Amino acid sequence: MNHGMALDILLPILIPLAAAALSLICWRSRALQRGISVMATTGLMVAAVVLLVRVYDNGIQVMYTGNWPAPFGIVLVADLLGAIMVVLTGITGLATAIYSLATISKAHEHYGYYPLMHLLLAGVNGAFLTGDIFNLYVWFEVMLVASFALLILGGERAQMEGAIKYVTLNLVSSAMFLSAVGLLYGLAGTLNMADLAEKLAPHQDNPMVQIVAMLFLVAFGIKAGAFPLFFWLPASYHTPRVAVSSLFAGLLTKVGVYALFRVFTLIFPLGDSLIRDLLLGMAGATMLVGVLGAAAQFEFRRILSFHIISQIGYMLMGLALFTPLAIIGGVFYIMHHIIVKSNLFLISGLVYRLQGSYDLKQLGGVYRQHPWVGILFLIPALSLAGLPPLSGFFGKFIVIKAGVEAEFWWLVAVALVVGLLTLYSMIKIWAEVFWKEMPEGSTASVQQRGGTGLMVGTVVALASLTVLIGVAAEPVYQLASATASQLLDPPGYINAVLGDRS
Amino acid sequence: MNTLLAIAVGVLYTTAIYMILRRSIVKLVIGLMLLSNAANLLIFTSAGLTRHGPPLIVEGSTEAAAVVADPLAQALILTAIVIGLGVLAFAVVLIHRAYEVVKADDMDQMKDTDT
Chain E
-14 MNHGMALDIL LPILIPLAAA ALSLICWRSR ALQRGISVMA TTGLMVAAVV
36 LLVRVYDNGI QVMYTGNWPA PFGIVLVADL LGAIMVVLTG ITGLATAIYS
86 LATISKAHEH YGYYPLMHLL LAGVNGAFLT GDIFNLYVWF EVMLVASFAL
136 LILGGERAQM EGAIKYVTLN LVSSAMFLSA VGLLYGLAGT LNMADLAEKL
186 APHQDNPMVQ IVAMLFLVAF GIKAGAFPLF FWLPASYHTP RVAVSSLFAG
236 LLTKVGVYAL FRVFTLIFPL GDSLIRDLLL GMAGATMLVG VLGAAAQFEF
286 RRILSFHIIS QIGYMLMGLA LFTPLAIIGG VFYIMHHIIV KSNLFLISGL
336 VYRLQGSYDL KQLGGVYRQH PWVGILFLIP ALSLAGLPPL SGFFGKFIVI
386 KAGVEAEFWW LVAVALVVGL LTLYSMIKIW AEVFWKEMPE GSTASVQQRG
436 GTGLMVGTVV ALASLTVLIG VAAEPVYQLA SATASQLLDP PGYINAVLGD
486 RS
Chain R
2 MNTLLAIAVG VLYTTAIYMI LRRSIVKLVI GLMLLSNAAN LLIFTSAGLT
52 RHGPPLIVEG STEAAAVVAD PLAQALILTA IVIGLGVLAF AVVLIHRAYE
102 VVKADDMDQM KDTDT
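Chains as they are written, first to last, in this note's numbering: chain E, -14 to 487; chain R, 2 to 116.
Just so you know, these hints were derived from the structure itself, not from any lab. Errors might be hidden in some of the hints.
[What the hints assert, rightly or not] Listed below are the simulated DSBU-like cross-link pairs for lysine-lysine, each with C-alpha atoms no more than 30 angstroms apart in a straight line: (1) E:Lys150 x R:Lys112; (2) E:Lys184 x E:Lys91; (3) E:Lys150 x R:Lys104; (4) R:Lys112 x E:Lys413; (5) E:Lys413 x E:Lys346; (6) E:Lys346 x E:Lys421; (7) E:Lys150 x R:Lys28; (8) E:Lys413 x E:Lys386; (9) E:Lys346 x R:Lys112; (10) E:Lys150 x E:Lys386; (11) E:Lys413 x E:Lys150; (12) R:Lys28 x R:Lys104; (13) R:Lys28 x R:Lys112; (14) E:Lys91 x R:Lys104.
Being a predicted model, the structure only gives us computed values, none of them experimental.
Based on the sequences and whatever the hints tell you, model everything.
Written out as structure tokens, the structure is:
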């Protein structure tokens, strides 16, 4: 294998790690840290796109760290799903970095905001690109530690309370993940995911294998924020700076979803197993509970947090139906969701900048004062609710069509009702924040700080991506389709990693 | 030995979960600490306990001459311990700061973000 190819896979991890180290060296200079942050995330996005193109053209790319042959060393594997996730990380990372320039206060920058942000991106990308299950655990922890610190940066009371719940439930999930890895190693004697897939394939009915699979389901279910394991999410996501919220909302739960997709297509392929039935139930309940939770809320970011949960349900539905079309829908949904969700959080920050509150009851009349902010909100909001021709429509359409073909009528019904309730929720925000008069005696006030142009620029860029995915749905669908056929072909993955030995 | 360790792992998990379910945040952190130790011991046990020689391969050969003990499980545990230590250090600082802000060692007083 040639070395240029290996570097392609390594760069999306290496760039943020190097940026984190460089920002630490430039600890005293805020200007330098800001420069590094924008350059590194731009570089990350370019490297990610290059990787995706390479994987799309040449198939699965593998890098053997230290030149140890698989399955003895740790391998980095970029298949289409991994590469797509890395591109989405690049996009979210760049958007957050630019948005942060305008919104992160001097004090937060002095507390080490930028190094932590880069570390988080490195952890996320590492998780997407590793081909070793223990290494996946390590990247999860890198990502978690960075997210812990980002979450409490500033030290307000709400942040502390949210962080305790976030930290506890995520550590419990990590411990479960680690236990599962230990048991798996005891069973199969290997940690390489391709090797595991091969060794476990004849033993899928073994009760011990089923138990380990169940442990993975619960551990990743907590990370993904699936019902009934999501309680840490709405308790914490609205507490940090809005740029941090946006980064978390876009990426962190999706790492859990990615892990579920990876593990339950490759190592424990979902057949007609108990786990599949469980996942189907979880998907429906996650959608429904998330959207009902959102309906009861009157805080901008809490509403959005509950919608993350509800949207996770659609992705799980794609995985749980486990037909080719459903997986395509799940992958499409992830692509659409990450961009839309980050953008909605960024817009909530923009509204905060304009009126100084996140409370729907204190806000009002934004459309009258700033019509363009209203339009910018409507694009991702209606996309989230699934109105054509925006990206969310196609995501929902594919997943629901797969449900109809598989004849899971109750799940289809839930998905449709939840779509409607999402629309209700978005209209609620529209009516309260943008349409109604500013309430009498509102304490809201304009926050005076520069850089609103940068915020608007980021939001516009992400909104145009949403429109683009909707208008050019066909190429995106083709990409998702290629991804799904890779995911449903474990032997292809195994051969790419372990070499063709047949 | 296997049985003994299996029981120890079970006891560790049980106590950890019991501690996590309590209202005091100090006990919560103790629970988290026990939980990561339980996972480590589980890896140690499930990878197989063998009284064999070190995994050394004589020069010129590609296989070990006799049966050897598996060193990888211990490498995994070592990694997990290091990560656990880092996370635990963070958790301790977090509960200390939370105690300063909320002025209570009680999860029931930390409901601001739940409504």
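Outcome of the hint check:
no., hint, verdict
1, E:Lys150 x R:Lys112, "10 angstroms, holds"
2, E:Lys184 x E:Lys91, "53 angstroms, violated"
3, E:Lys150 x R:Lys104, "17 angstroms, holds"
4, R:Lys112 x E:Lys413, "25 angstroms, holds"
5, E:Lys413 x E:Lys346, "11 angstroms, holds"
6, E:Lys346 x E:Lys421, "10 angstroms, holds"
7, E:Lys150 x R:Lys28, "14 angstroms, holds"
8, E:Lys413 x E:Lys386, "28 angstroms, holds"
9, E:Lys346 x R:Lys112, "21 angstroms, holds"
10, E:Lys150 x E:Lys386, "37 angstroms, violated"
11, E:Lys413 x E:Lys150, "28 angstroms, holds"
12, R:Lys28 x R:Lys104, "16 angstroms, holds"
13, R:Lys28 x R:Lys112, "18 angstroms, holds"
14, E:Lys91 x R:Lys104, "28 angstroms, holds"
Hints 2, 10, counting from the list given before, are not met by this structure.
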